[in-house]
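The task is simple: from the sequences and hints, build the whole structure.
Okay, here's what each chain looks like letter by letter:
There are 2 protein chains.
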Amino acid sequence: MNFTHHQLETFTIAVLQKIGCPEADAKTAASVLLSADLRGVDSHGVARLSGYVRLWEAGRINPTPNVRVVHETPSTAVVDGDAGLGLVVAPFAMKVAIEKAKIAGTGWVSVKNSNHYGIAGVHAMQALQHDMIGISLTNASPLVSPTFSKERLLGTNPISVAIPAKDQPPFVLDMATTTAANGKLEILQRKKEQAPAGWIQDKDGKSTTDPLGVKDGGALLPLGGDREHGSQKGYGLGAVVDIFSAVLSGANYGPWVPPFVAFLEPHPNPVGEGLGHFFGAMRVDAFRPADEFKAHMDNWIGRFREATPIEGHEKVLIPGDPERELEAERRANGIPLLTAVVDDLRALGDKLGVDWE
Amino acid sequence: MNFTHHQLETFTIAVLQKIGCPEADAKTAASVLLSADLRGVDSHGVARLSGYVRLWEAGRINPTPNVRVVHETPSTAVVDGDAGLGLVVAPFAMKVAIEKAKIAGTGWVSVKNSNHYGIAGVHAMQALQHDMIGISLTNASPLVSPTFSKERLLGTNPISVAIPAKDQPPFVLDMATTTAANGKLEILQRKKEQAPAGWIQDKDGKSTTDPLGVKDGGALLPLGGDREHGSQKGYGLGAVVDIFSAVLSGANYGPWVPPFVAFLEPHPNPVGEGLGHFFGAMRVDAFRPADEFKAHMDNWIGRFREATPIEGHEKVLIPGDPERELEAERRANGIPLLTAVVDDLRALGDKLGVDWE
Numbered sequence: 000m001n002f003t004h005h006q007l008e009t010f011t012i013a014v015l016q017k018i019g020c021p022e023a024d025a026k027t028a029a030s031v032l033l034s035a036d037l038r039g040v041d042s043h044g045v046a047r048l049s050g051y052v053r054l055w056e057a058g059r060i061n062p063t064p065n066v067r068v069v070h071e072t073p074s075t076a077v078v079d080g081d082a083g084l085g086l087v088v089a090p091f092a093m094k095v096a097i098e099k100a101k102i103a104g105t106g107w108v109s110v111k112n113s114n115h116y117g118i119a120g121v122h123a124m125q126a127l128q129h130d131m132i133g134i135s136l137t138n139a140s141p142l143v144s145p146t147f148s149k150e151r152l153l154g155t156n157p158i159s160v161a162i163p164a165k166d167q168p169p170f171v172l173d174m175a176t177t178t179a180a181n182g183k184l185e186i187l188q189r190k191k192e193q194a195p196a197g198w199i200q201d202k203d204g205k206s207t208t209d210p211l212g213v214k215d216g217g218a219l220l221p222l223g224g225d226r227e228h229g230s231q232k233g234y235g236l237g238a239v240v241d242i243f244s245a246v247l248s249g250a251n252y253g254p255w256v257p258p259f260v261a262f263l264e265p266h267p268n269p270v271g272e273g274l275g276h277f278f279g280a281m282r283v284d285a286f287r288p289a290d291e292f293k294a295h296m297d298n299w300i301g302r303f304r305e306a307t308p309i310e311g312h313e314k315v316l317i318p319g320d321p322e323r324e325l326e327a328e329r330r331a332n333g334i335p336l337l338t339a340v341v342d343d344l345r346a347l348g349d350k351l352g353v354d355w356e
Numbered sequence: 000m001n002f003t004h005h006q007l008e009t010f011t012i013a014v015l016q017k018i019g020c021p022e023a024d025a026k027t028a029a030s031v032l033l034s035a036d037l038r039g040v041d042s043h044g045v046a047r048l049s050g051y052v053r054l055w056e057a058g059r060i061n062p063t064p065n066v067r068v069v070h071e072t073p074s075t076a077v078v079d080g081d082a083g084l085g086l087v088v089a090p091f092a093m094k095v096a097i098e099k100a101k102i103a104g105t106g107w108v109s110v111k112n113s114n115h116y117g118i119a120g121v122h123a124m125q126a127l128q129h130d131m132i133g134i135s136l137t138n139a140s141p142l143v144s145p146t147f148s149k150e151r152l153l154g155t156n157p158i159s160v161a162i163p164a165k166d167q168p169p170f171v172l173d174m175a176t177t178t179a180a181n182g183k184l185e186i187l188q189r190k191k192e193q194a195p196a197g198w199i200q201d202k203d204g205k206s207t208t209d210p211l212g213v214k215d216g217g218a219l220l221p222l223g224g225d226r227e228h229g230s231q232k233g234y235g236l237g238a239v240v241d242i243f244s245a246v247l248s249g250a251n252y253g254p255w256v257p258p259f260v261a262f263l264e265p266h267p268n269p270v271g272e273g274l275g276h277f278f279g280a281m282r283v284d285a286f287r288p289a290d291e292f293k294a295h296m297d298n299w300i301g302r303f304r305e306a307t308p309i310e311g312h313e314k315v316l317i318p319g320d321p322e323r324e325l326e327a328e329r330r331a332n333g334i335p336l337l338t339a340v341v342d343d344l345r346a347l348g349d350k351l352g353v354d355w356e
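From first to last, the protein sequence lines are chains A and B. Be aware that the first sequence starts at 0, since it is given in numbering that gives the first Met the number 0, and climbs by one per residue. Be aware that the second sequence starts at 0, since it is given in numbering that gives the first Met the number 0, and climbs by one per residue.
Calculated directly from the structure, the hints in this document are not laboratory data. Don't take each hint at face value.
Any copy will do: because identical chains look the same in the list, a pair fits if it lies in one copy or spans two.
Stated by the list, open to error - Subject to a maximum C-alpha distance of 27 Å in a straight line, what follows is the list of computed DSSO-like cross-link-like pairs (lysine-lysine):
#, residue 1, residue 2
1, 205, 183
2, 205, 314
3, 183, 314
4, 214, 314
5, 314, 202
6, 314, 165
7, 101, 183
8, 314, 293
9, 165, 101
10, 350, 94
11, 190, 293
12, 26, 293
13, 94, 26
14, 101, 293
Small disclaimer: the values here were computed from a predicted structure and weren't measured.
Pasting the structure below:
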């Protein structure tokens, strides 16, 4: 079933207003949430809306937060999200980073006391319109085991870097620091298909292809998969994301990060407040004239796009290509939603008195 | 054969002075080079010394460079390395980043017109003594193919992040953005052993376990190995390193990066000057009081170190643990060198009139 971007956005705004979000915040949050559906990261879009509402019901989301800077230098700030929606806190913090960069050349903002912020890429991309490079990191509920460990101590902790170009579309890397994102596993679970080796381990730390392995006490594997293929690197990158997002800001880190699902209680002895994000903005002309930089980015992108492909593959992609193509397609033809998601949204609308159609 | 750190350092300093480096620069460069041998990254240590000398003979290294800041804002700078040794240019640039951070909270320096800078980690670690987080990136000779490509367009483009702690040793990530570093392949070549699948592809882009595959027109694979295991992420990270190091600064990028080996000519139509690096320094107290941050880092490190290991594995490691343990061992018992390396250094000493013993 396909739905227009407009219908889903209107519905999301109305739902968020029903739980007490001011209109401007509801619009910001809906825009962030829907960008995931448009860009094909379906696990982070409207499919999560009822999850956010359940967190609000559990008293873990503050719909009217006083989001504010609590510490700063010319190029840095710490933002306290006041337990607000990450979908609202993150755009605020990214804006602080951009404002810092306008004056100091770069801006770097670590955020505490927040919640899940949707897809990483949409926040990094805020920098592009200012001729800045944008960076967006966040920690998340622990689902990933460090190399050699049975325990789940890290989230899928994504890294996004958005870099402006001139005539070429921007370079937008948006990646989990795991072999496979959790959303891909959920698809295999629904289809009852096996996962490739190297994606997950079972509760004893042994490699498994059972897509239910993570739910049964196993874990997602860091990018690399195993030690022989560099999983200590994926683990190390996920760790850096965790430390920049939470140890710098005063949020919870590692196994203390509060779970997204409302039926799991947060850790009884937190080491910080909420979960954490980290944002960066670098003015391109803080390094060299923006036109010069962007012309060379066009050259970089053009050269990589024209790289000789391996037989059986059509072309070499630039980070951001697949998502941009999908967004164009979905803006034109609508966003497909699974029946289970539609039923869930319909029930949510009924409960809160928001019209679905 | 084991050699003391002191002997190798004295020899290196003398060799670099013979090619015209001022004493202070020779000492800086030797310290950087030897740190690779101490930390177990043997491919980036004294084994490379004769390679640097050959670059000097080819007129591609300036022994008395005028390394300088050519563009700056409160938190950024571009450094022109004036074709100097990366081993000298990089410490200069990292110092600029640290000085910027003292005033602006953070400092970010992109470098052009440089050469290979040794191991990434040693530069990032310069920040630790200032209670700063250090970041070090560099591009390198093209040996890596983007996902779906037969062409080699990226270097092993490493990422290093060094983070101070309190009583715990610092967290030091230092990783190539490939599945395996080139040095590991060289070891397999010498031992005539097969490489694991997922490390390299042959000239047609097919997976191979032949460790000579790269020399025969193949390529190292980005971290992840193949698309199913996330190689587009390793490719994306290597690309970000390339862009931050070279497109921001005005150095050569992608396939235009000059080769380290002197017998290969640089690209006839360069897109920039030399190769590029990127450095960052973030004052911890630009985010929260340093003592608080470092106490939480101790807690982070302690928790991960105590994670339940998988049966058959002794313990979970923190990034930097293996290198630190090796450094302690090698400072005590000396640095082992292969016979081929010793012969090469001895011949170098004979040629330049430097005593080896």
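Homomeric proximity label, residue 101 with residue 183: Cα distance no greater than 27 Å | Neither way: residue 101 and residue 183 sit 38 Å apart in one copy and 44 Å across, limit 27 Å.
Could you place residue 205 and residue 183 in one of the four classes (within, between, both, neither) given a Cα distance threshold of 27 Å?
-> both (20 Å within a copy, 26 Å between copies)
When no copy is named, should residue 94 and residue 26 be tagged within, between, both, or neither for a Cα gap of at most 27 Å?
-> within (16 Å within a copy, 44 Å between copies)
Between the shortest in-copy and the shortest cross-copy C-alpha distance, which are at most 27 Å for residue 183 and residue 314: within, between, both, or neither?
-> Answer is within: at 23 Å inside a copy they meet the 27 Å cutoff, but 30 Å across does not.
Homomeric proximity label, residue 214 with residue 314: Cα distance no greater than 27 Å | Between copies, since 24 Å is at most 27 Å while 36 Å is not.
Identical-chain pair category, residue 165 with residue 101, by Cα at 27 Å | This pair counts as within: shortest intra-copy Cα distance 20 Å, inter-copy 34 Å.
When no copy is named, should residue 101 and residue 293 be tagged within, between, both, or neither for a Cα gap of at most 27 Å?
-> Within. Shortest intra-copy distance 18 Å satisfies the 27 Å Cα cut-off; inter-copy 30 Å does not.
Classify it for me, residue 350 with residue 94: is the Cα-Cα distance of at most 27 Å met within a copy, between copies, both or neither?
-> neither (34 Å within a copy, 59 Å between copies)
Within a copy, between copies, both or neither: where do residue 190 and residue 293 come within 27 Å Cα-Cα?
-> Close neither inside one copy (43 Å) nor across copies (46 Å); limit 27 Å.
Since the copies are identical, ignore which copy is meant and state whether residue 205 and residue 314 lie within 27 Å (CA to CA) inside a copy, between copies, both or neither.
-> Result: close only across copies, 16 Å inter versus 36 Å intra.
Should residue 314 paired with residue 293 be assigned to within, between, both, or neither, using CA atoms and 27 Å as the limit?
-> Close inside one copy (23 Å), not across copies (47 Å); limit 27 Å.
Can you give me the call for residue 26 and residue 293, within, between, both or neither, at a CA distance of at most 27 Å?
-> Neither way: residue 26 and residue 293 sit 32 Å apart in one copy and 39 Å across, limit 27 Å.
The structure is inconsistent with the numbered hints 7, 10, 11, 12, although it conforms to all the rest.
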